[in-house]
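Next come the chains, spelled out residue by residue.
Number of protein chains: 2
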Amino acid sequence: MSNRFSFRLIATDGAARAGEIATAHGPVRTPAFMPVGTQAAIKAVHHDEVRAAGADIILANTYHLMLRPGAERVAALGGLHEFMHWPLPILTDSGGYQVMSLAPLRKVAEAGVTFRSHIDGAVVELTPERAIEVQILLGSDIAMQLDECVRLPAERNDIERAVQLSLRWAERCTRAFESAPDGRALFGIVQGGDDQRWREASARALVGIGFDGYAVGGLAVGEPQDAMLKVVGETAPALPAERPRYLMGVGTPADILAAVARGIDMFDCVLPTRNGRHGLAFTRFGPINIKNAHHAEDPRPLDAASRCAAAREFSRAYLHHLFKAGEALGGTLLSVVNLFYYQDLMAGARAAIAAGRYADYVAQIKEQWTAKRDLQM
Amino acid sequence: MSNRFSFRLIATDGAARAGEIATAHGPVRTPAFMPVGTQAAIKAVHHDEVRAAGADIILANTYHLMLRPGAERVAALGGLHEFMHWPLPILTDSGGYQVMSLAPLRKVAEAGVTFRSHIDGAVVELTPERAIEVQILLGSDIAMQLDECVRLPAERNDIERAVQLSLRWAERCTRAFESAPDGRALFGIVQGGDDQRWREASARALVGIGFDGYAVGGLAVGEPQDAMLKVVGETAPALPAERPRYLMGVGTPADILAAVARGIDMFDCVLPTRNGRHGLAFTRFGPINIKNAHHAEDPRPLDAASRCAAAREFSRAYLHHLFKAGEALGGTLLSVVNLFYYQDLMAGARAAIAAGRYADYVAQIKEQWTAKRDLQM
Numbered sequence: 004m005s006n007r008f009s010f011r012l013i014a015t016d017g018a019a020r021a022g023e024i025a026t027a028h029g030p031v032r033t034p035a036f037m038p039v040g041t042q043a044a045i046k047a048v049h050h051d052e053v054r055a056a057g058a059d060i061i062l063a064n065t066y067h068l069m070l071r072p073g074a075e076r077v078a079a080l081g082g083l084h085e086f087m088h089w090p091l092p093i094l095t096d097s098g099g100y101q102v103m104s105l106a107p108l109r110k111v112a113e114a115g116v117t118f119r120s121h122i123d124g125a126v127v128e129l130t131p132e133r134a135i136e137v138q139i140l141l142g143s144d145i146a147m148q149l150d151e152c153v154r155l156p157a158e159r160n161d162i163e164r165a166v167q168l169s170l171r172w173a174e175r176c177t178r179a180f181e182s183a184p185d186g187r188a189l190f191g192i193v194q195g196g197d198d199q200r201w202r203e204a205s206a207r208a209l210v211g212i213g214f215d216g217y218a219v220g221g222l223a224v225g226e227p228q229d230a231m232l233k234v235v236g237e238t239a240p241a242l243p244a245e246r247p248r249y250l251m252g253v254g255t256p257a258d259i260l261a262a263v264a265r266g267i268d269m270f271d272c273v274l275p276t277r278n279g280r281h282g283l284a285f286t287r288f289g290p291i292n293i294k295n296a297h298h299a300e301d302p303r304p305l306d307a308a309s310r311c312a313a314a315r316e317f318s319r320a321y322l323h324h325l326f327k328a329g330e331a332l333g334g335t336l337l338s339v340v341n342l343f344y345y346q347d348l349m350a351g352a353r354a355a356i357a358a359g360r361y362a363d364y365v366a367q368i369k370e371q372w373t374a375k376r377d378l379q380m
Numbered sequence: 004m005s006n007r008f009s010f011r012l013i014a015t016d017g018a019a020r021a022g023e024i025a026t027a028h029g030p031v032r033t034p035a036f037m038p039v040g041t042q043a044a045i046k047a048v049h050h051d052e053v054r055a056a057g058a059d060i061i062l063a064n065t066y067h068l069m070l071r072p073g074a075e076r077v078a079a080l081g082g083l084h085e086f087m088h089w090p091l092p093i094l095t096d097s098g099g100y101q102v103m104s105l106a107p108l109r110k111v112a113e114a115g116v117t118f119r120s121h122i123d124g125a126v127v128e129l130t131p132e133r134a135i136e137v138q139i140l141l142g143s144d145i146a147m148q149l150d151e152c153v154r155l156p157a158e159r160n161d162i163e164r165a166v167q168l169s170l171r172w173a174e175r176c177t178r179a180f181e182s183a184p185d186g187r188a189l190f191g192i193v194q195g196g197d198d199q200r201w202r203e204a205s206a207r208a209l210v211g212i213g214f215d216g217y218a219v220g221g222l223a224v225g226e227p228q229d230a231m232l233k234v235v236g237e238t239a240p241a242l243p244a245e246r247p248r249y250l251m252g253v254g255t256p257a258d259i260l261a262a263v264a265r266g267i268d269m270f271d272c273v274l275p276t277r278n279g280r281h282g283l284a285f286t287r288f289g290p291i292n293i294k295n296a297h298h299a300e301d302p303r304p305l306d307a308a309s310r311c312a313a314a315r316e317f318s319r320a321y322l323h324h325l326f327k328a329g330e331a332l333g334g335t336l337l338s339v340v341n342l343f344y345y346q347d348l349m350a351g352a353r354a355a356i357a358a359g360r361y362a363d364y365v366a367q368i369k370e371q372w373t374a375k376r377d378l379q380m
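Protein chains in written order, with this note's numbering: chain U, 4 to 380; chain L, 4 to 380.
Certain hints may be false.
What the hints assert, rightly or not - Where chain L lies over chain U, by a calculated footprint (3+ residues, C-beta under 8 Å):
no., stretch
1, 36–48
2, 65–78
3, 125–139
4, 294–307
5, 324–331
Calculated from the structure, these hints are not laboratory results.
Nothing here was measured: the structure is a model prediction, and the numbers come from that model.
Every residue, glycine too, gets a C-beta built ideally from N, C-alpha and C.
Chain U extracted, bound-state conformation (with noise of 0.2 Å):
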């Protein structure tokens, strides 16, 4: 296996792109999606369902892992794909985004950001530089600059302010990324808001710095889909073809669809599993609540045509009886129908691009979502 970070286009339908990241650890597929495996494991999934499902790749929580087990630990243990058994591909953050979502007192400052770990309470100082130095330690193949993202609708100078901050992390990020075993790659991270004069900014200085990727940050934090894509379509152009594009913490079957068409080619979010443990199925037919009264006594499986098996298998009736019981087996169940919508809905775009009908694929799947609806109940 070549040790070589690389990316190559294989295809493009308008500003849709299909192609292949080569990395140390295998291939990835692209437009892909990364099932989040945060604690070093896929919620409630086996990983051999996760591959099977068509994963060519997972992120995990630099924040998660640096607090437990801790990255010295990992490292000794092997690295991450080692310590959980998990041979592909691997893509993790950079921490920063849980710092401002989950710990408690977290201070952000030029050196970094310090805040107390949400598990015992100890501080913890999260710089650019300890931030590369624990993905180094974790070993994935894709690390991601630490940045600060501001949520949203926020004041121009608190957007500017972050960006400016955010591009001294990442140039930071860089040199200590230096040091990293051949094969790494460091991806950069556009931020600017809904502010597409700081959006193209960000992405014109980090090019300027030089990526073997770049992601759009920031997004996905509780903003209106129209939004989101606003940004996507605005950003997207101004980086660089040859390099992927990685919109973080999208999304919806919907999102990802619509930011495939304006060229991005990675996704990561907790969708497919989070809902699953909830009872929500992805289908071909459209989402299906699986705990609804009416489910109770149908024999139908979700979908008879379905490539998993879960999905094919097991009636609707016994999945709506196991999240009634209380069973973790229902949870497990629906996030691997779910694991497997995602990958073959990714595969489906690939395939399309490749075709040269992208709109049409996407037409399709809409069509299926809405004219399926007695599928849904």
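Got chain U; can you put chain L on it based on the hints?
Showing chain L alone in chain U's frame:
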């Protein structure tokens, strides 16, 4: 597939027996361990793993299923095998034991037992006839008579009364079971507490009524192992050699090995899955509490030579992390490890009995539990 229920002895070694039960849903190799699927699901474990572990048969709890989703609903959905998508044999208990242990405001009378549902407080009556009707609706391969189980220690009067009532219920169950479809089996349950005289009287009377198999009930309710084994050792010889013998709710690996030596053919217990969810792994080297801090940096698998992939592939450090981090996958993986362990223990017992070296097998298993103590640490 033959529709006939039958049992044939393949080998004996002292009192230990190896055999095979034939059912409409396939064979059950004995001595057999039945994983417990209380609510039509083995807790936190996918059916495929239960089968891969080697289980020929599972147990489901009538009490839970009659309350939710309801026996009539399961029947309308094709019976329990189809409802839960489990194609192999299923044994259902009568519901009586769970009424005694779970339901509030229970009242035992000649007609049956009345109780409030622990789910919605509804008043439910479980008569011998209804217990059989429910099990016929569920479609289990092996149904159990309704009985009354007294708590130990018990007064002689209480034991006598419970034995006599259980025998009258046994007769009523037999009559009710005449309407069962071909191929279904009904087991009687020997009661009598720790009183040898009443155990023998109960066994004799049940054999007089005539059942497809015989269970030893009222044990594994907190009494010491030697008290349990004494009853088993005195009761098994009073049961016909040509029928399967089932020790309900037992037990630890040591309990099972000792009961097999006394002529028991079938077991069920929540231990492998319950302990697995609580971080306790059964291994060749004895039990391992994966939550103990000294596992945090241990790169060794639970058992590199296990037939179970989870025991071979994941490090103790990773399994420890999953429990510390509250990841449900940890409980799933250890439950699977334990189900494989129990099934391998039974497979080894069957082979040893067939080879006439069961005592050696037990000695060897126990020697490994103590000799390799460093592998428990």
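Against the structure, the hints come out as follows:
no. : hint    : in the structure
1   : 36–48   : holds (count 7)
2   : 65–78   : holds (count 4)
3   : 125–139 : violated (count 0)
4   : 294–307 : holds (count 3)
5   : 324–331 : holds (count 6)
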